[in-house]
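Dock chain B against chain A, hints included.
Number of protein chains: 2
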Amino acid sequence: MSKIIRVNVGDQTCKIEPVPEKYELLGGRSLTSQIICDEVPPQCNPLESENKVVFAPGFVTGTSAPSSGRMSVGGKSPLTGGIKEANAGTPVSQKLGRMQIKAIIVEGEPKNPGDSWLLHLTADAAEFVPANDLKGKGTYETVAQVRSRFGDKVSYFGIGPSGEFKMASAGIFFSDMEGRPSRFAARGGLGAVLGSKGIKAVVVDDAGAEGVVIKNPELFKVGRKKVADALTSHDLTKPGGVLNSFGTSAVINVMNEVGALPTRNFSSGRFEGAAKISGDAIVEAINARGGGKQGHGCHPGCLIQCSNIYPREDGSEHVAKIEFESAGLLGANLEIDNLDHVAELVRLCNDLGLDTIEVGATIGVIMEAGYISFGDGPAAIKLLEEVRAGSPMGRIVGSGTAVAGQIYGVKRVPVVKKQALAAYDPRVIKGIGLTYGSSPMGADHTAGYTMASEVFGVGGKTDSFDTDGKVELSRAMQVTTGFLDSTGYCLFIAFAISDIASGFEGVMETVNAVLGTEWTTEDSARLGATVLKIEKEFNRRAGLNKEADRLPSFFAQEPLPPHNTVFDMDDKDIDAVLEG
Amino acid sequence: MSKIIRVNVGDQTCKIEPVPEKYELLGGRSLTSQIICDEVPPQCNPLESENKVVFAPGFVTGTSAPSSGRMSVGGKSPLTGGIKEANAGTPVSQKLGRMQIKAIIVEGEPKNPGDSWLLHLTADAAEFVPANDLKGKGTYETVAQVRSRFGDKVSYFGIGPSGEFKMASAGIFFSDMEGRPSRFAARGGLGAVLGSKGIKAVVVDDAGAEGVVIKNPELFKVGRKKVADALTSHDLTKPGGVLNSFGTSAVINVMNEVGALPTRNFSSGRFEGAAKISGDAIVEAINARGGGKQGHGCHPGCLIQCSNIYPREDGSEHVAKIEFESAGLLGANLEIDNLDHVAELVRLCNDLGLDTIEVGATIGVIMEAGYISFGDGPAAIKLLEEVRAGSPMGRIVGSGTAVAGQIYGVKRVPVVKKQALAAYDPRVIKGIGLTYGSSPMGADHTAGYTMASEVFGVGGKTDSFDTDGKVELSRAMQVTTGFLDSTGYCLFIAFAISDIASGFEGVMETVNAVLGTEWTTEDSARLGATVLKIEKEFNRRAGLNKEADRLPSFFAQEPLPPHNTVFDMDDKDIDAVLEG
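If you read the sequences in order, they're chains A and B.
For the first sequence, our numbering puts the final residue at 1012, and the numbers step up evenly by one.
For the second sequence, our numbering puts the final residue at 1012, and the numbers step up evenly by one.
Read the hints as simulated data drawn from the structure, not as lab findings.
Watch out, some of these pointers could steer you wrong.
[Said to hold, decoys possible] To give a feel for the contact side, a few chain A residues facing chain B, derived at Cβ under 8 Å:
1) GLU480
2) ALA557
3) VAL835
4) LYS893
5) GLU979
6) ALA980
Keep in mind that this is a model prediction, so the values were computed, not measured.
Idealized CB from N, CA, C, for every residue including glycine.
Excised from the complex, chain A in its bound form (with noise of 0.2 Å):
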């Protein structure tokens, strides 16, 4: 029977309670947002008892729907001081889904706030196990205890260092399907969150799990093949398409070529050594080097397979994985065009728990002030490194792009509610500015992915420089976001079913058999809408209001090169956003 995980570190007990009607036909994103504004209160310090970490699969997740095991974890934010869901695929989420475990709720305050604990997840029991062996240890080396202790096929997901030290860019990790620490539910700081509980680390063990209980079998049936089939045929998305063949990281080119990647703290559009760090080097590496691979997935069960293993020079695995995102931020970003630095500072913020996009700004700004260089990897190295002893260079750079900003006096400080910008930079991608803006999660790009029509032409090509349609834009793609987001489909599917119907049908399907519901694409709008409309209502209610939804002034004062546009949309048009 599908329920909850109700764990209160204070008494160290763990509940096992119903699912209560009203969250039945939620899941994801919509689960975990509900759930926090139903039991935390908005103006808590998000550090202290009254915050909560929810996780929740989607509904799908732990069937054999394609790519569909994301996994989602919610909470107050201590970056933002808003709402924050952030998701990740991995097996663990599909675990999960096969335990019928709907959410998953870490409340309350350990009573010795120093020590630390694994929990240890069954079919039928949830354990605290005491971990003070692993304080202060990495996420490679937690996670290698992990499975000598619990062995190969376990799932896991924790914190490293960072979220023990309560930063605000510390994320929480979850185990791939080699068992590596490597995908994140980074941003927003959750993962100080739940190292402000004392949970170092949850072992997943679904032996004996029961299964997804699908309601209508036949349609899911059909539902599945629709989806499958959208995701091998479009060009984006099929095997041996472009995220399978060059992953994310394609897109540097991309964006250096339209001018939008963030070079030198969001100063220029275009690196000149962009494509020393595009996905076409990395496959190169990968080609030359042997070791990596190019074409690897979250979890079982994914069709597109977009991400990748980095090599060593000498064949030996460096890190799994170098998304576009790190490589904008801790590469161009920095004017970092060596991708052996780029890979190292990867590996690092993986090791150290630390979200890549909110550390690479950080630096970037910390750069800017010239602390340090800019172009100099192995100065942000070291300076990386710090975090792990919580130096106080350290805090500054596990503690978000807002704080050392203010910390050094800097004016370009790129983020919007204190979250960092992600590697498109708003003054030529005009409805990415908008979803920047209006999202309840602060700067994120996968919150209304515009670039999907502004940039990749998918759903319709649009002008990226144009501002007419980029309210209705921003706003469309958040509402389906906040839907897919509930389903446990990667957001990638997105590019498939937008541009071929029956995928969306197959994802509608799909649903609708797992909840036995009759859900038509309005009532996926609804939910999207719903989702939005109730994280809008606990930011404000957490002081965050529309002042909040700014982009900072540079973006609309500063020219950026090389087409020298800057951010023109109206403070009105963020606004209208979601309340249109």
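Showing chain B alone in chain A's frame:
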């Protein structure tokens, strides 16, 4: 003729402008706040060109009205993100008054942000003087060099290294009667704004000044006498009275007795070592060591003379001055009971150009995080020294309590609108909690000093634990302060004029005499209320809403020893203060 000096640091022009009619009946805070509201976009980055720093003496400043040498400084605060007025008592203000300078507006963006400049202000001109030789210099060395260049008769104000680093805790120093950089418009980071303009110091030479035009000299004489009589007869303000004999630090023992003295990062209201850092202890050291002085004024014509000069063990001057707030935050709040250590911390704050309240609260949070220990004076001194070089830890110390709390993931962070609370705990003194929350300035005891009634019984005694009537009390205090901060009179005259009706008459008469008005007490309340209203409106447009008016939740949740009470006033009470 009355004038406004407009200094543009971009093209290095100083324009002398006539006073617009709408500013004629404004002065001090009412003028700085109005100019900021008129000229600064509320959403600008406080360190960017759009922000301005405005300096304005009060209505009667520069006349012989007693204790009326306050200088208001306004701008958008890099600490709170809202409007800020901070003021200090200084001969600078009296000179500007006599030079008929209604306000100085510093605006624009320096062409070469690395360069430092002095501004040399005389009766008929203002010019930029290169000052790169003063870059990074402490305030003591800065004023020594200024005096060697411009002589002993000038007065001056400016910033220390913290302002040059654009740190959010940087204040603006003003010279005292003997030229010490000891009077600070400390709060809210206005020193960082001046630093962002490239102005290291301003030299004020009033040779040839025409003096304040008093429209009704007879009335002025009558009013002046009434104010003087009130000040010299009230127990708190008279010669040989409490403030004169023991200084503001007399309040250490009082607050300790009351149980509201912030101790160990606001975790207790009583400090075992309080007596050792009290006003009595200061006087005792002065008497025993020689060389110091109790009873020192901010400027000529002060009848209260509450300040002090604290000597080293050998009788040489250590620091002017140790005030209650400094001893409270840098002493009790850090559990430092060695007065010489407290003196050195204050001296360092003065030299670095920092707000002692903000720094004391910041170090309290850093101690709470375990970086150094509570009670360890030498470690605190070493920590503060780091500000000079701008090391990562120095940056943290200078960036304010909220940032330090974020950096170290500390839960108990005593701020409102990111500004640290002064040395009165609102769990014991309920009215001041309402002022902390509702004041447009952030947590600021001077904005509405309810202790006058709740502790000292001035204007009628109220019970500090009682919540009844405190909304009205805080409102009345804030409105009165909005007016007094516009007159140039020191806030401490409020003790005398609240108890002695003729004293308040005298204030109105001196103001009316200078301005040529016939204002009644109702008019003074109207002015005070208007100031608050425009400041609130600026904040609203800057994004500070009702939620920004809330006290941190620990005040409502953690009972404060020894009385074990919490701050139990409703959010609605806070809202009602300035809405009513």
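Okay, the hints, checked on the actual structure:
Hint status for A/GLU480: holds, given a least beta-carbon distance of 5 Å to chain B, under 8 Å. Interface hint at A/ALA557: violated, since its Cβ lies 31 Å from the closest Cβ of chain B, which is beyond the 8 Å cut-off. Checking A/VAL835 against chain B by beta carbon gives a least distance of about 6 Å; that is within 8 Å, so the hint holds. Because the beta carbon of A/LYS893 sits about 33 Å from the nearest beta carbon in chain B, more than 8 Å, this interface hint is broken.
The closest approach between the C-beta of A/GLU979 and any C-beta of chain B is roughly 3 Å, which is under the 8 Å cut-off, so the hint is satisfied. A distance limit of 8 Å between C-beta atoms decides the matter here; for A/ALA980 the minimum to chain B is near 6 Å, and the interface restraint holds.
In summary, the numbered hints that this structure violates are 2 and 4.
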